[in-house]
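Here the structure of chain A is known, so what remains is to put chain B in place on it, guided by the hints.
There are 2 protein chains.
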Amino acid sequence: MAKLADTALDQLFTKARTRNGWSDRPIPEPVLRELYDLVKFGPTAANTTPARFVFLQSPEAKARLAALSSGSNGPKILQAPVTVIIGYDLDFPETLDRLFPNAPGAKHWFGDPVAKEVAALRNSSLQGGYFILAARALGLDVGPMSGFDNAAVDKEFFAGTNIKSNFIASIGYGTEENLFPRNPRLAFEEATKIL
Amino acid sequence: MAKLADTALDQLFTKARTRNGWSDRPIPEPVLRELYDLVKFGPTAANTTPARFVFLQSPEAKARLAALSSGSNGPKILQAPVTVIIGYDLDFPETLDRLFPNAPGAKHWFGDPVAKEVAALRNSSLQGGYFILAARALGLDVGPMSGFDNAAVDKEFFAGTNIKSNFIASIGYGTEENLFPRNPRLAFEEATKIL
Chain A
1 MAKLADTALD
11 QLFTKARTRN
21 GWSDRPIPEP
31 VLRELYDLVK
41 FGPTAANTTP
51 ARFVFLQSPE
61 AKARLAALSS
71 GSNGPKILQA
81 PVTVIIGYDL
91 DFPETLDRLF
101 PNAPGAKHWF
111 GDPVAKEVAA
121 LRNSSLQGGY
131 FILAARALGL
141 DVGPMSGFDN
151 AAVDKEFFAG
161 TNIKSNFIAS
171 IGYGTEENLF
181 PRNPRLAFEE
191 ATKIL
Chain B
1 MAKLADTALD
11 QLFTKARTRN
21 GWSDRPIPEP
31 VLRELYDLVK
41 FGPTAANTTP
51 ARFVFLQSPE
61 AKARLAALSS
71 GSNGPKILQA
81 PVTVIIGYDL
91 DFPETLDRLF
101 PNAPGAKHWF
111 GDPVAKEVAA
121 LRNSSLQGGY
131 FILAARALGL
141 DVGPMSGFDN
151 AAVDKEFFAG
161 TNIKSNFIAS
171 IGYGTEENLF
181 PRNPRLAFEE
191 ATKIL
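So the sequences go chain by chain: A and B. Heads up: the first sequence runs through residues 1 to 195, numbered per this note's numbering. Heads up: the second sequence runs through residues 1 to 195, numbered per this note's numbering.
Bear in mind the hints are in silico, worked out from the structure with no lab data behind them. One should not assume that every hint holds.
As the list makes no split between identical chains, a pair holds if one copy fits it or if it spans any two.
Heads up, simulated DSS-like pairs for lysine-lysine below, C-alpha to C-alpha not over 25 Å straight-line [said to hold, decoys possible]:
| no. | residue 1 | residue 2 |
| --- | --- | --- |
| 1 | K193 | K3 |
| 2 | K155 | K15 |
| 3 | K3 | K164 |
| 4 | K193 | K164 |
For reference, chain A alone in the conformation it holds in the complex:
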């Protein structure tokens, strides 16, 4: 495999920015399906793929989430064409006979409730990373957010299930409105080591 073109690396990483303002251009449903069809192939431990995605596009659905979010997140959720709740399904072991058939006992690897929750949080967050970059790869902008009441969102959107909210992200076509200056990052020497 060759290195991707600089324009692609810029679009995915180097020049991509978290958006706070959104144009009213909608996202057609086929694009949401195309997005999922990229995200689903990202690797997870034992192919657990615990992430679940709730795309909020109706004004009513966005208002239900906006009411449970903090700070400036409410208006951003209402303005974006779609905001997604990225959750994780604690019942993911039930899918493993089908998703990881090469290890018939895999569903029993997650019997300990704490280990199961950690695995669900870790792997659904990995999938959240794939989601953010897959959206950018499709030409969408992304605005991920953690400022909301997780327990209230679970009650509002996931009642009667074992799905828990992880984080949320607006997607669409961003504007320059309230765009932060790029914040600094840790230097290679601060964040890494070579042994």
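Only chain B this time, still in chain A's reference frame:
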């Protein structure tokens, strides 16, 4: 922004595979630096960027990790030119005055130890997702693994720090050795909802 070319989407997602066998082609240090310089720009909550990356490339360092890993992971670690330990630094709030200067009190947002640990696991896993896709964008193959003794790895590699291991991943140039058939994925209707 336009959608990336199909060849790029294939390289990142659709045709990319978790590798279990590795050629002996090394990864030069400038490539590791280029990799970090992509990963560092991926978004995290309040720009916390809690992930820390330990690149193991000497036979001695790889052997220390292989001894603490389970199943078939040991031989894979020894064969790959580099295996990285992706950890998270629980002292990340100390960096926020510098990394998130627009909110001078941000380091106090993570005072609760459980919330801090969840934020570190969530955001370092997001960065783990960026890492996997950035490696693929640079033409590298990736083999992520969760099968190792986290507590023992923390003691072996992170003693005297507040860094904890999250997951590990071999990177390099993969072979077809022990390549699994592609496992199934959940259908759009099983993993998503549009409201």
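Which of the numbered hints are not met once you compare them with the structure shown?
2, 3
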